[in-house]
Amino acid sequence: MPETSSSPEITPEVVRHLSGLAKIQLDESEIAQLTADLGQIVSNIAKVSEVATADIPATSHPIPLANVSRPDVVGDNVLTAEQALSGAPEQHDNLFVVSAILGEEQ
Amino acid sequence: MTHELIKLSAADLSAKLASGEVSAVEATEAHLERIAAVDPQVHAFLHVNEQALAVAAQIDQQRAAGDELGPLAGVPLAIKDVLVTTDMPSTSGSKILEGWMSPYDATVVARSRAAGLVPLGKTNMDEFAMGSSTEHSAYGPTHNPWDLDRIPGGSGGGSAAAVAAFEAPLALGSDTGGSIRQPAHVTGTVGVKPTYGAVSRYGAIALASSLDQVGPCSRSVLDAGLLQDVIAGHDRHDSTSLTDAWPSMAAAARAGATGEVLKGLRVGVVKQLQGEGFQAGVAERFNESIALMQAQGAEIVEIDAPHFEYAVAAYYLILPAEASSNLAKFDSVRFGLRVTPEGGGTVDQVMAATREAGFGPEVKRRIILGTYALSAGYYDAYYGSAQKVRTLIQRDFAQAFDRVDVIASPSAPTTAFKFGEKIDDPMAMYLNDITTIPANLAGIPGISIPNGLAREDSLPVGIQFMAPARADARLYTVGAALEALHEDQWGGPLWTKAPDLLTGQAGLAGFAARAAGKDAN
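Line by line, the protein sequences give chains A and B. Those letters in the first sequence? Residues 1 to 106, per the working numbering, in order. Those letters in the second sequence? Residues 1 to 521, per the working numbering, in order.
Since the hints were derived computationally from the structure, they do not count as laboratory data. Being a predicted model, the structure only gives us computed values, none of them experimental. Quick reminder that beta carbons are idealized off the backbone N, C-alpha and C, glycines included. Be careful, since some hints might not be right.
Cβ-Cβ distance ranges computed for the label pairs, FRET-style [stated by the list, open to error]:
#1 L95/A <-> E276/B: 17 to 25 Å
#2 E13/A <-> S248/B: 51 to 59 Å
#3 I63/A <-> G99/B: 45 to 53 Å
#4 D500/B <-> N77/A: 12 to 20 Å
#5 A84/A <-> P341/B: 25 to 33 Å
#6 E421/B <-> N94/A: 44 to 52 Å
So here's chain B without its partners, still in its complex pose (with noise of 0.2 Å):
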């Protein structure tokens, strides 16, 4: 029983709390059983909730008196730790933050419980979402639930490594460059990246704030619909937020399932996002997934971004900058750490010695950069220099939008490494974002989807599709669609090929395909 229902879509179970045939708390006993046989492996999480089963119980209490409830009414839900909550501490995965309670909810939080979702804990992540690895989270890496040795990509490793273990069918993320899609694409889930201000970033504590958003992370496509569906809105405590009103993305996603809006579908395919630099197996499964779209109707266009070559360059000059003043608030007084120097010290002193003890390395690295950045002399060769290209990726978006309906890409260009090949060089890590950042420069939203195993090593890849801003629905729509043509496929989704946590077993076709080295589709 336990064991179906940890396997259950977010939609499924929610079909079955709704008739009465599974109670939200005996929904959340599983998933707390799951975390803790896996949890000690994977570290997805860096808190679990004590009062999740008490919440559980209250929201069958609601049921039975027959109160209205929300789709996802007793549905579990895994909380990146950069979203502030009341119940359980908020560390954005920084010792400066170490313990500390916060004393308002973050509206995506909020929203979350007002719906009836169960929160069980809080998720790793990359220190302050810096990093594509979790390896720079102050508590410890999140491991690959594919192969236990490797990354589960960042900063939302955590958040795609509990919904990819079944240690939670649904997880909130956020997104400043990819934090969300590129976890995606390496664990074998779902991120969606929703449109700039679609979802209100009030209590998401703050890396840079024109590129960072909220969004979802699941097994599939209807599941981050119902998740969105949530969340999204506008706020009046975000001056960010978007006043619009929101179409359903779970009604996109069940529209988009039946295959036919495939038929005349205009998909633009990015030449600066293939070739060098990406894996062959990523590449491969990629062009197959386009051959798949062009034999159910799509017409494949190819696109020149002529500036997407910069965009990297450009996010790693805009987001230090953003960083480095968001973080100045680490200040040693209002919250979090304070290291005072032998014998006392200025407030000037206390504040450097606490962010020298409270940061780690890749945040010093950004705020540094960032301060640099800023410097007098060198603003206009470098932050207004890559705000200006921060327009000419926007005018690739434009002119691209013009002939075609979506973009796809491979979702990041190597599936996931293993840890520390990447971390004493920053540019290398900097250069997996090329094919997530330049939707954040825009602003447009984003959608990773699983998109098979790779034939050199049967690890999980993704095939990301952008939209214009504001056409979140679409992304929702087409994800559906080519999911459905994949299962159909694959004979089920693709984490039925993920190893087994508990027996250290390879998923079927991952072991026959690494037994025999080859191909697992």
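Chain A on its own, in the form it takes in the complex (with noise of 0.2 Å):
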């Protein structure tokens, strides 16, 4: 069963940290309910590093394979700039509108 502790490295100033490096905009409320979530979801999984020792090696695949390659040709699946800008919230001249880069004070 879950234990109900959360871990002392979850703190409100971390999970704000995180929504910035996730460009996710969390209010107050959301950011409270996150803490007090991943504290216990992280002190539930932390144990991993109970069996992981230096001699094991990490498996990143299921089931690896070697470098797939295919011929230095244009493949059938290529979409044409209609189709990739079909579902573009905003779109001009052929090309996707993106909002400023660069905000008033930089």
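Got two chains here, each in a separate frame; can you build the complex from them with the hints?
This is the structure in structure tokens:
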């Protein structure tokens, strides 16, 4: 059963920092909730380090394949510009429209 | 007629289609009518295909013209909304993709169309496949056809419920940590997670790329095999796709139905996947099925898998890490939602506001968790260690498969729980996946088949079989063998005991059991 104690590592400041890294704006109540949730989750999953000794190799892929390559020619699944833009929230002159990169203070 | 058509297996329906006894239009109409009648209660579908009858009519024309058609031509198919389709929106259960139309088809969808299957619609799911109950769908939960107050499992609750409620004979699902097998368990249906790389992931909106695998949902083992035969095989658009030549899974299922295959079969039972945390009725049915297989000549071997107790922990580090990276593409620029803060904002602010508005709470939780697991200073302790646990779990399996042909376990620890029961306790929700996660971490195939009704609540339970990587056919053979024994014992498939959604009457046996509060089998 899950432990209820939260991890001391997870503070509202940590969650606020992570929200910036993940580019998800969070309000104060979400930060409070996530601090509690993450604390509980981390205290339950931190046990992976108990058995992960230095001599064990890491597995990143369940069935590793050697380098997969193909002939250097245009594939048969290339989108047209029109198709690529078809789902964009905003487009102009066959291009994606992006909001300003720099703010006023920059 | 309509009533009979919707209860046919895909295999039987396909025979009637081939002989001309039934047309694809009739079969499709029957299922569309069923959807109209029961989906307001079940909510398995997010979208119903307006083109379904036209597609069916075309199949009928091809058949009339003498064209060579695949065995499933004219059979209706439900498609999990994680798979992209050109003719229907693909949302993956998220508001951030509401109404989004893909410019291309997922490979499994393209192969299904080429085989003549008739897409009926897109099925509901937990947002981006994160969940075990469909309660995290941005479009409201799907209801379990066995008890509408209970969850249908997740993330593929929509596909499992569609099949269980006779809204479709077949459905496509995706399984990252049990999202095909656990819904099969709680809805009394069949679900298969193939070997990693057996089925293309091209066009499956990625959750965790090293764990995701597309597979079939159905009401019988043979039907699942027929669908896997359509969707499996190498796809050069997916660089993790295996180049193996696969044997026919349908043929493997047919071979298994004779029951002879159980003689001498070595079945492993994992010490760590029983006991505490498993509901009494789940354990009871599991033990009965093991005894039944033993009586048919199977050899039962206890397996020690000491690292399985770390599987859930490793999974909930690896999955959020991969998901946080995969979901970075929802950036308010290329597709989906864009929310601009009042008075405008920089691309950073627009992105953060878009993701705040477009993602639900579970998606935010996992992205933040994954970002944490990958952040400097924690990477080795968390993500690095989790990848080592993955090695240890693969070794546990390798040692087990030196001694046994298949491993059996309950497909999930409990029967379907009620809505709201676990929604506020993410860790309790995550622990539902203890039986299914090890197969994803190791990349091996798993099948869940109906295993009766739990004594205490008369709700369906499933039994899971796992086999070594690439031995998918073995699962179909063993699954079909036990299915045949069960149907002999039960006097028919488990679904005959399901309540009637239209009259509200419980299935015969289920009703009697509920009234008497005792054994349904």
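- [ ] Take a look at whether the Cβ-Cβ distance between I63/A and G99/B falls inside 45 to 53 Å.
- [x] 36 Å, violated
Open item on the list: Holds or violated: the 44 to 52 Å window for the beta-carbon distance between E421/B and N94/A?
Closed with: 51 Å, holds
Open item on the list: Does the beta carbon distance between A84/A and P341/B stay inside 25 to 33 Å, or does it fall outside?
Closed with: 27 Å, holds
- [ ] Indicate whether the distance between the beta carbons of L95/A and E276/B respects the range 17 to 25 Å.
- [x] 59 Å, violated
Task: Distance restraint hint 51 to 59 Å, applied to the beta-carbon atoms of E13/A and S248/B - done: Given range 51 to 59 Å: holds, Cβ gap about 57 Å.
- [ ] Just tell me: holds or violated, for the beta carbon distance of D500/B and N77/A against 12 to 20 Å?
- [x] 45 Å, violated
Of the hints listed earlier, those the structure fails to meet are numbers 1, 3, 4, in rising order.
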